[in-house]
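Chains as they are written, first to last, in the numbering used here: chain A, 1 to 372; chain B, 1 to 372; chain C, 1 to 372; chain D, 1 to 372.
The hints are all genuine.
Part of the chain D face toward chain A, derived, beta carbon under 7 Å:
no. : residue
1   : Leu-206
2   : Ile-256
3   : Thr-260
4   : Gly-310
5   : Ile-321
6   : Thr-335
FYI, nobody ran anything at the bench for these hints, they're computed from the structure. What you are looking at is a predicted structure, and each value in this text was computed from that prediction instead of being measured. A virtual CB, placed ideally from N, CA and C, is assigned to each residue, including glycine.
Each chain is listed here by its residues.
Protein chains: 4
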Amino acid sequence: MVSEDQPQNNDKKLDLGRFPVRTDLAREAHDMAVQERGEDGVPGVEMDEYEENGITTSWIRIHDDQGAKELGKNPGLYLTLEVPDLRSQDSKLQQRVSAHFSDEFQKFLEKVGVDLNAKVLIVGLGNRNVTADALGPFVVQHTMVTRHLFELMPEQVESGYRPVSALAPGVMGLTGMETSEIIFGVVEKTRPDLVIAIDALASRALSRVNTTIQVADTGINPGSGVGNKRKALNRETLGIPVIAIGIPTVVDAATIAYDTVEFVLSHLNRELTQTKPTNPLDPLNRADVKELQSQEVSPRTGKHVLGMVGTLGAEEKRQLIHEVLEPLGQNLIVTPKEVDAFIGDMGKLMADGLNCALHEAVTPENVSAHVN
Amino acid sequence: MVSEDQPQNNDKKLDLGRFPVRTDLAREAHDMAVQERGEDGVPGVEMDEYEENGITTSWIRIHDDQGAKELGKNPGLYLTLEVPDLRSQDSKLQQRVSAHFSDEFQKFLEKVGVDLNAKVLIVGLGNRNVTADALGPFVVQHTMVTRHLFELMPEQVESGYRPVSALAPGVMGLTGMETSEIIFGVVEKTRPDLVIAIDALASRALSRVNTTIQVADTGINPGSGVGNKRKALNRETLGIPVIAIGIPTVVDAATIAYDTVEFVLSHLNRELTQTKPTNPLDPLNRADVKELQSQEVSPRTGKHVLGMVGTLGAEEKRQLIHEVLEPLGQNLIVTPKEVDAFIGDMGKLMADGLNCALHEAVTPENVSAHVN
Amino acid sequence: MVSEDQPQNNDKKLDLGRFPVRTDLAREAHDMAVQERGEDGVPGVEMDEYEENGITTSWIRIHDDQGAKELGKNPGLYLTLEVPDLRSQDSKLQQRVSAHFSDEFQKFLEKVGVDLNAKVLIVGLGNRNVTADALGPFVVQHTMVTRHLFELMPEQVESGYRPVSALAPGVMGLTGMETSEIIFGVVEKTRPDLVIAIDALASRALSRVNTTIQVADTGINPGSGVGNKRKALNRETLGIPVIAIGIPTVVDAATIAYDTVEFVLSHLNRELTQTKPTNPLDPLNRADVKELQSQEVSPRTGKHVLGMVGTLGAEEKRQLIHEVLEPLGQNLIVTPKEVDAFIGDMGKLMADGLNCALHEAVTPENVSAHVN
Amino acid sequence: MVSEDQPQNNDKKLDLGRFPVRTDLAREAHDMAVQERGEDGVPGVEMDEYEENGITTSWIRIHDDQGAKELGKNPGLYLTLEVPDLRSQDSKLQQRVSAHFSDEFQKFLEKVGVDLNAKVLIVGLGNRNVTADALGPFVVQHTMVTRHLFELMPEQVESGYRPVSALAPGVMGLTGMETSEIIFGVVEKTRPDLVIAIDALASRALSRVNTTIQVADTGINPGSGVGNKRKALNRETLGIPVIAIGIPTVVDAATIAYDTVEFVLSHLNRELTQTKPTNPLDPLNRADVKELQSQEVSPRTGKHVLGMVGTLGAEEKRQLIHEVLEPLGQNLIVTPKEVDAFIGDMGKLMADGLNCALHEAVTPENVSAHVN
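Build out the structure end to end from the sequences listed, making use of the hints.
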């Protein structure tokens with residue numbers, strides 16, 4: 001939940017290293033670990049990746065505690081779709097991504113061991129009154145729910161469907177209750193076999209906002225770090241698998257500034273070292289974004305172009321920026337101006353994808369006739 | 001819940017008398033019982049009423065099974081506010097009614113034995129996507145929730161407040177779950193001392209739509225009569241008091257037709273019998289509505305002005321109309337064209353009233369500073 | 001505009017005959033005229049009708065003043081679609097009606113003499129804050145506008161499109177200006193060749209609410225009868241054709257009561273006279289609605305079943321009901337409870353239909369890719 | 001209009017200096033000019049400023065072409081309110097700012113020579129479907145319109161009011177028409193004495209987003225720079241005064257990055273030079289934001305801490321950042337995550353302020369009873 005569960009303006013004094021800036025995305029953590037180690041792989045972590053039609057799909061499995069420590073993420077299975085062009089509001093592309101998401105999500109369910117008849121509860125986290133945080137409630141509203149039909153008139157349900165229920169519990173500031181209190185109660189009474197929780201995330205990279213989808217079987221922890229009172233939602237606490245789906249929708253000013261400084265550094269480094277560039281004028285070739293982000297700049301060049309600041313490591317730079325902006329009250333959390341359309345598009349994409357993945361009888365061709 | 005839990009178009013053949021048309025309002029049932037008996041009181045039922053500033057307030061207590069049978073309502077306490085001019089969208093009147101509702105509701109809490117520190121869960125029933133059914137969710141959205149503050153930082157909560165939580169669970173067609181399943185689960189996990197459930201009702205009198213508020217300690221029965229599977233929410237099932245607040249927001253075409261026929265009958269009767277009329281041209285004198293509604297028409301006059309139909313009793317007329325409209329698909333459930341404004345006004349009125357009644361520190365003067 | 005331009009609660013005393021209750025629908029006026037005359041045709045009026053797949057399509061041309069007088073409508077061309085099942089929220093049917101509307105509307109344009117390249121201004125009348133009156137603004141929001149592309153980058157516009165602009169000017173209570181003042185000004189500055197005005201209508205038959213679409217080339221008269229100051233929008237005043245599209249979305253309580261009384265009369269008449277009924281229990285056989293509405297009841301039977309009231313003519317009955325309800329403040333204007341969904345569905349149907357009809361390159365198959 | 005009229009992603013290649021990054025705010029331009037000149041005043045420009053209760057009010061008059069050239073703004077009168085704490089969502093402060101805005105706006109009207117009876121047309125620019133751009137339409141919706149009462153029933157209008165009309169014409173992408181075409185037409189037909197145009201602006205300083213209000217008598221130029229076809233709305237083109245009210249609601253990533261780099265520079269400079277800081281940990285002391293922004297950093301220090309980049313001038317740094325981000329498609333235009341609440345609060349503040357300023361009979365105490 002973007003809205004309330006990650007209060008980012010509380011800590012007046014940052015202790016470098018005490019709060020290492022972590023990412024919610026396993027894919028990002030993996031890239032950083034690889035970059036740091038200077039090797040191809042990370043011990044205890046397996047990763048597969050392929051790119052097709054502008055969609056990069058990666059599967060990461062963190063096998064053990066070592067892998068977990070390296071990536072700063074819990075052991076488990078992570079699926080990530082990266083689609084840089086999703087922000088272009090191209091409805092054809094959205095449909096393609098939706099169908100692809102559906103296929104991959106079905107594979108994910110199989111790998112997690114969820115069978116075709118498993119009863120599913122979809123939980124839409126977030127605040128419906130804050131557009132940037134309304135992804136979860138939006139998906140719930142467009143979810144095809146069927147559980148009541150199985151309960152009340154089972155003989156009338158055709159084959160090809162499974163029992164699905166859905167709830168957008170609202171945020172603590174609006175309900176006065178922990179999200180987990182509500183979900184625990186509902187799960188106990190309605191006995192699903194699987195929980196799918198959908199949430200808008202804070203991103204640590206501007207380029208990921210509304211372009212990346214992560215699916216993980218590690219559950220969620222609403223309001224992690226804000227106190228001991230909140231319980232995680234996962235297989236241990238609920239007794240059933242909890243799959244979390246997250247999309248970055250906001251970013252803080254410090255991240256934007258950091259990313260930009262890195263872009264500028266790489267850009268100048270490239271000019272200084274005469275690296276043959278990919279064509280930076282081609283906006284469709286978004287691979288350059290990644291390349292610039294991952295490009296190594298020698299300390300000497302760094303110092304040359306950015307002085308003292310240029311010699312800082314990545315985390316040090318992040319901390320410096322954070323430390324300056326935060327006390328000034330200028331580390332705003334922001335979202336693209338087009339947030340209304342983005343949330344609508346992403347929510348539709350994801351709801352359609354889930355509806356197709358969860359019911360055999362629902363396909364990309366007929367999904368729109370199944371829901372309103 | 002207006003939306004789904006009272007399907008009114010299913011029964012193709014009506015068996016006169018098998019489904020006697022009942023009212024949700026104790027006040028209405030009481031008036032009908034008195035009219036039928038031709039006496040002042042009803043055995044087993046106590047009733048107090050006073051009118052002030054355009055607001056008629058009545059307290060009805062159904063003491064025992066006899067009273068319950070006479071009125072067709074469960075034994076318990078019923079508070080009713082009737083404000084015919086509420087539809088005039090007069091903001092001053094709305095504030096006055098809100099403050100009066102707050103006062104009476106506090107008395108109601110005392111009578112029910114709920115103390116000042118009792119923890120309250122407010123449940124907004126209904127479908128937020130159907131404006132006429134969105135009263136409950138609207139009130140929840142404007143409720144001042146405080147429970148999380150008591151839980152997370154009790155030392156910082158000033159005196160004059162109590163722990164309040166709130167939830168709009170959504171309707172079964174959107175969640176796939178019974179409302180009671182969700183509420184049972186949430187009550188078990190969050191342990192309130194009292195549930196207040198808010199719902200939009202179907203009215204059986206056009207004149208009551210958006211003008212009447214009923215408070216009862218008898219709980220609610222979402223989807224009563226639609227099957228055995230749904231459990232009531234009341235003191236027996238939840239173990240804590242359940243106060244239901246209801247406002248009629250819709251009416252069916254048959255009711256409109258019946259009411260009109262009665263108005264016409266009374267009107268003609270009056271003309272024929274030379275009763276001195278209250279001025280029927282004065283729209284502010286809404287007392288005439290009630291008078292016309294309750295006026296007795298002799299069978300002879302009835303026959304004269306309305307023929308065969310005029311000789312039917314009230315229930316027979318209702319059944320005839322219902323029986324004709326229903327198979328034609330014309331017994332639409334309707335709501336005033338101004339429903340968007342009415343729901344907004346009534347929801348604000350009720351949320352403000354509840355916020356004042358539940359927290360000593362909140363008053364009609366400062367309530368708007370407490371909520372958004 | 002439903003909202004403000006037809007104040008129906010002002011006239012305290014009705015003078016029978018001075019304000020004959022008229023209908024906005026030529027089709028309805030035609031049926032009434034035929035019924036009154038007891039003949040097949042009406043002098044000066046031509047009418048064609050066919051039924052297919054649950055859609056009744058009729059074309060009426062009022063040739064001259066005699067026809068105009070008979071029907072109480074201006075001379076001109078009227079196209080009417082009647083689809084009783086539209087209220088069933090069947091998305092397949094909606095698409096079928098949308099495509100059919102598009103075909104018929106293209107014929108209408110041809111008959112009116114509007115060519116393929118004519119520049120079109122679509123005007124959405126009504127109040128977007130009042131759901132029942134928001135049809136016009138809703139259609140404007142889903143209209144494919146292209147005029148600015150023709151103006152700013154004509155060379156980039158592919159063939160198969162024409163210049164379309166769109167405006168939802170809002171109602172006088174929100175703008176302080178007559179709708180016609182705004183439209184006159186905009187037409188003068190932007191010079192379209194045709195105005196299409198879309199409006200929600202008040203119906204005089206419950207069965208027509210959200211089931212009937214009328215297209216007319218006679219223009220519109222926002223707020224007709226409320227004063228001399230408002231000018232009509234039509235070919236005379238604007239110098240270009242003005243096509244009005246209207247859908248009944250509201251009805252007043254008096255109409256519901258009148259319709260019901262008629263249904264009851266016909267029903268009892270039928271039972272008394274042993275007419276073999278169409279099966280009144282079959283809700284899909286909506287032809288019975290029309291049949292019951294048009295069935296003649298002999299005065300003797302009328303008197304028998306409805307007494308004095310049964311002997312009144314149609315207009316007299318309407319006036320009596322109106323006269324009784326109005327001063328009581330109970331002649332509410334109402335709309336079906338499902339108004340939110342109905343307006344969304346009808347608006348989508350009409351916007352899709354117009355987009356297909358106005359641009360050769362847009363078809364029912366690709367229309368959803370053209371708009372959001 | 002944020003949404004469409006300032007396409008910022010078109011120019012692939014930036015020519016440093018050809019598109020000097022300009023500000024919409026005279027106050028900001030004045031500060032920059034003073035900083036560049038190193039003097040107190042700017043020739044041809046008069047400026048008054050005072051601070052009270054957290055609100056900084058400044059009046060700037062650009063007298064002549066020299067002043068206009070220095071500031072890059074048209075000659076005219078500019079009123080600016082700066083309230084850093086407005087983002088804290090404090091309803092008391094909002095009311096205080098609203099009342100202060102009303103007072104200052106009345107002075108503005110006097111200085112511009114608009115008398116108490118002048119007829120006013122309020123134009124809300126922007127796209128109601130894009131929350132960050134919906135300020136204008138929101139204000140229009142909460143404007144107290146009265147013109148129709150003066151036109152239709154002048155004898156019933158009490159004293160203390162003036163004729164006000166209001167229109168939110170929508171953006172070109174939704175109407176297919178230039179905003180100015182619509183406004184020209186409406187002004188011609190309805191003949192107001194004054195136009196007040198309200199718009200959301202793109203800011204060039206993160207700290208100004210939702211904290212600054214500018215009033216100017218120089219009119220507006222929707223879509224300035226996008227082509228010759230769009231006409232400005234001002235006294236020359238309309239023949240009546242045009243007052244523009246603007247509030248920055250969005251900012252681009254490049255601006256955030258630039259601001260942050262400057263904050264970091266100043267911060268490090270301060271540490272290096274041992275300047276006694278205002279307490280940077282006190283978030284309420286927002287004066288430090290301005291101080292840090294305006295602090296001069298010596299080229300030598302600049303080079304030390306930021307290397308090559310540190311030696312660039314302000315405009316050069318901006319251009320460099322822009323030049324790097326733009327081709328990568330990462331120069332997103334963003335708005336604070338809380339945009340829904342901010343637009344609601346600012347719109348309410350401004351609508352209340354205008355309603356009080358335009359009608360003598362409306363005061364901060366009774367304004368809420370005048371509007372919905």
